[in-house]
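S.K.: With the hints as extra help, turn the sequences into a complete structure.
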Amino acid sequence: RELQEFIDQEQAKAKMAATVHELTDTCWKKCVTGSISSKFSRNEVSCLENCVDRFLDTSFYILNEVKQQRNQLH
Amino acid sequence: RELQEFIDQEQAKAKMAATVHELTDTCWKKCVTGSISSKFSRNEVSCLENCVDRFLDTSFYILNEVKQQRNQLH
Amino acid sequence: RELQEFIDQEQAKAKMAATVHELTDTCWKKCVTGSISSKFSRNEVSCLENCVDRFLDTSFYILNEVKQQRNQLH
Amino acid sequence: QIQVELATANAQMLINKMNEHCFEKCVTKPSTSLGSSEQACLSRCTALYAQAFDHISQKYYQRVMKEASSTPEASLEAQRL
Amino acid sequence: QIQVELATANAQMLINKMNEHCFEKCVTKPSTSLGSSEQACLSRCTALYAQAFDHISQKYYQRVMKEASSTPEASLEAQRL
Amino acid sequence: QIQVELATANAQMLINKMNEHCFEKCVTKPSTSLGSSEQACLSRCTALYAQAFDHISQKYYQRVMKEASSTPEASLEAQRL
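Here the protein sequences line up with chains A, B, C, D, E and F, keeping their order.
Taking our numbering, the leading residue of the first sequence gets 1, the next gets one more, and so forth.
Taking our numbering, the leading residue of the second sequence gets 1, the next gets one more, and so forth.
Taking our numbering, the leading residue of the third sequence gets 1, the next gets one more, and so forth.
Taking our numbering, the leading residue of the fourth sequence gets 1, the next gets one more, and so forth.
Taking our numbering, the leading residue of the fifth sequence gets 1, the next gets one more, and so forth.
Taking our numbering, the leading residue of the sixth sequence gets 1, the next gets one more, and so forth.
Since the hints were made in silico from the structure, they are not lab data.
Backbone N, C-alpha and C define an ideal beta-carbon position, used for all residues, glycine too.
Take these hints with a grain of salt, some might be off.
What follows is a list of derived Cβ distance ranges for each label pair [stated by the list, open to error]:
(1) E:Ala-47 / C:Val-66: 33 to 41 Å
(2) D:Ala-47 / E:Gln-3: 45 to 53 Å
(3) E:Gln-58 / A:Ile-7: 38 to 46 Å
(4) D:Thr-28 / B:Ser-41: 17 to 25 Å
(5) B:Asp-25 / C:Lys-39: 25 to 33 Å
Listed below are the simulated DSBU-like cross-link pairs for lysine-lysine, each with C-alpha atoms no more than 30 Å apart in a straight line [unchecked claim]:
(6) A:Lys-29 / A:Lys-13
(7) A:Lys-67 / B:Lys-67
(8) F:Lys-25 / D:Lys-17
(9) E:Lys-29 / C:Lys-15
(10) A:Lys-13 / A:Lys-67
(11) D:Lys-17 / C:Lys-15
(12) E:Lys-29 / D:Lys-25
(13) B:Lys-30 / C:Lys-39
(14) D:Lys-25 / E:Lys-25
(15) A:Lys-30 / E:Lys-17
Here are some, though not all, of the chain A residues that point toward chain F, as calculated from beta-carbon distances under 7 Å [as the list claims (entries may be wrong)]:
(16) Ala-17
(17) Thr-26
(18) Trp-28
(19) Ser-38
(20) Leu-48
M.R.: This is how it looks when you write it as structure tokens:
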């Protein structure tokens with residue numbers, strides 16, 4: 001039982017680590033659109049600052065939409 | 001034996017379900033190029049209508065090409 | 001033990017085969033930007049000629065960068 | 001049991017894809033909150049993506065059936081895509 | 001047995017990639033049928049993709065061999081990419 | 001043991017992603033060697049990608065914690081993304 005808990009925890013960690021890579025990929029593509037200078041531009045910084053939270057907001061928003069549409073059917 | 005058949009069928013179903021997601025991804029990228037209105041434009045509808053069948057036609061066409069090229073070698 | 005060696009070799013082969021597919025994907029996207037003629041343009045040929053070696057150079061360059069940054073911390 | 005898992009994985013995949021494509025289309029410059037026009041866009045986008053998915057799903061299974069009735073070999077190839 | 005499966009998976013992957021890239025290049029507006037100019041484009045595209053694949057494959061294995069003969073460590077890294 | 005493997009896989013993934021994105025940004029026309037301006041771009045790009053990764057990582061774990069403390073269900077959903 002303790003072993004199972006340990007495995008579950010490690011799997012959850014691995015999943016979150018993978019999510020961070022995907023989020024970085026998504027936010028890099030969305031926010032870093034120009035050429036590469038020695039530091040991020042002000043727009044890029046602000047975009048990267050907000051990208052994770054807006055992506056997760058989007059995710060919760062869509063989950064809610066889908067649930068509501070399903071409830072309307074019943 | 002019946003169990004094996006059941007597993008094969010479920011795997012085929014899962015594969016087809018995955019193909020539908022990939023096709024939707026491909027056709028969305030090809031056909032929905034503008035901003036999001038409340039419904040699809042006429043061009044978008046016609047593109048989405050035909051996208052699956054032309055993608056599968058392409059797939060059969062390429063398989064044929066590859067077979068012919070292989071036959072020319074023998 | 002011999003079986004293990006055989007498995008390792010086959011896995012290495014499969015990994016390299018997968019890398020060739022990824023490199024072709026990457027280099028096709030980078031080098032074949034126009035429409036499809038009956039043969040590659042001169043620019044496309046030169047780009048494809050050099051794409052693999054520059055991609056691998058990039059990979060070694062980045063590995064080195066990361067190692068140096070890590071050494072600066074210790 | 002397996003069928004329930006398949007259905008759940010399928011719904012999860014659909015939501016992930018909506019998330020990816022609708023975030024790309026509707027949240028062009030992530031700011032300090034999700035604005036009302038971004039939310040409206042997400043609602044439209046989610047509905048349209050679901051519509052495209054249903055339509056494409058239908059077309060795909062029609063084609064698989066058609067190929068299966070003409071040449072059994074071709075249908076296998078269509079499944080394997 | 002394993003080697004046969006690898007070869008098949010490899011061919012399947014090549015065909016999937018051709019499908020993806022050549023559909024993208026040649027079928028820009030899917031219409032009610034695959035036109036003759038689209039078909040001609042697909043034939044050219046398939047041949048060019050196969051050519052690029054062969055060339056890149058050759059370059060890659062040359063490089064892996066070169067790195068293996070200079071530094072064993074680097075070759076491992078090249079394989080792991 | 002598992003934790004070491006996770007950490008290694010994580011570092012490997014980060015390097016692969018840097019490779020992909022920085023090659024795309026910095027080596028726009030692959031030529032017969034990696035020029036000095038391409039190398040300079042790769043150094044900047046690697047540093048910026050690492051910076052973006054660290055920042056996004058931090059924001060993500062903050063959000064997961066925040067959701068976990070408000071609604072346990074939502075945090076599960078955030079993990080599952």
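S.K.: Look at each hint and say if it fits the structure.
M.R.: Status of each hint after checking the structure:
A C-beta distance of roughly 40 Å is found between Ala-47 (chain E) and Val-66 (chain C), which places it inside the suggested range of 33 to 41 Å. With their beta carbons about 49 Å apart, Ala-47 (chain D) and Gln-3 (chain E) fall inside the hinted range of 45 to 53 Å. For the pair Gln-58 (chain E) and Ile-7 (chain A), the beta carbons lie near 44 Å from each other, so the given range of 38 to 46 Å is met. Take Thr-28 (chain D) and Ser-41 (chain B): their Cβ atoms lie about 19 Å apart, and the range 17 to 25 Å holds.
Asp-25 (chain B) and Lys-39 (chain C) have their C-beta atoms about 31 Å apart, which keeps the hinted 25 to 33 Å range intact. Of the pairs offered as hints, the one joining Lys-29 (chain A) and Lys-13 (chain A) holds, with about 25 Å between alpha carbons and a cut-off of 30 Å not exceeded. Simply put, Lys-67 (chain A) and Lys-67 (chain B) have alpha-carbon atoms about 48 Å apart, too far for the 30 Å limit, and the pair is violated. The straight-line distance between the Cα atoms of Lys-25 (chain F) and Lys-17 (chain D) is roughly 26 Å, inside the 30 Å bound, and the hint therefore holds.
For the hint linking Lys-29 (chain E) to Lys-15 (chain C), the alpha-carbon distance of about 36 Å lies beyond 30 Å, and the restraint is violated. Taking the CA atoms of Lys-13 (chain A) and Lys-67 (chain A), the gap is about 27 Å. The hint holds against a cut of 30 Å. With a CA separation close to 28 Å, the supplied pair Lys-17 (chain D) and Lys-15 (chain C) stays within the 30 Å bound. With a C-alpha separation of about 20 Å, the suggested pairing of Lys-29 (chain E) with Lys-25 (chain D) holds against the 30 Å cut-off.
With a CA separation close to 25 Å, the supplied pair Lys-30 (chain B) and Lys-39 (chain C) stays within the 30 Å bound. Between Lys-25 (chain D) and Lys-25 (chain E) the alpha-carbon distance is near 22 Å, which keeps this suggested pair within the 30 Å criterion. For a cut-off of 30 Å, the pair hint linking Lys-30 (chain A) to Lys-17 (chain E) stands: about 25 Å separates their Cα positions. Annotation: Ala-17 (chain A) was flagged as interfacial toward chain F, and the flag holds, the nearest CB pair being 5 Å apart, inside 7 Å.
The interface hint given for Thr-26 (chain A) is violated, since its Cβ lies 9 Å from the closest Cβ of chain F, which is over the 7 Å cut-off. Proximity of Trp-28 (chain A) to chain F holds as hinted, the smallest CB-CB distance being about 6 Å (cut-off 7 Å). With 7 Å as the threshold, the beta carbon of Ser-38 (chain A) comes within range of chain F, its nearest partner Cβ sitting at about 5 Å, so the hint holds. A least Cβ separation of about 6 Å between Leu-48 (chain A) and chain F falls short of the 7 Å threshold, and the interface hint therefore holds.
Checked against the numbered hints given earlier, the structure breaks hints 7, 9 and 17 and satisfies all the rest.
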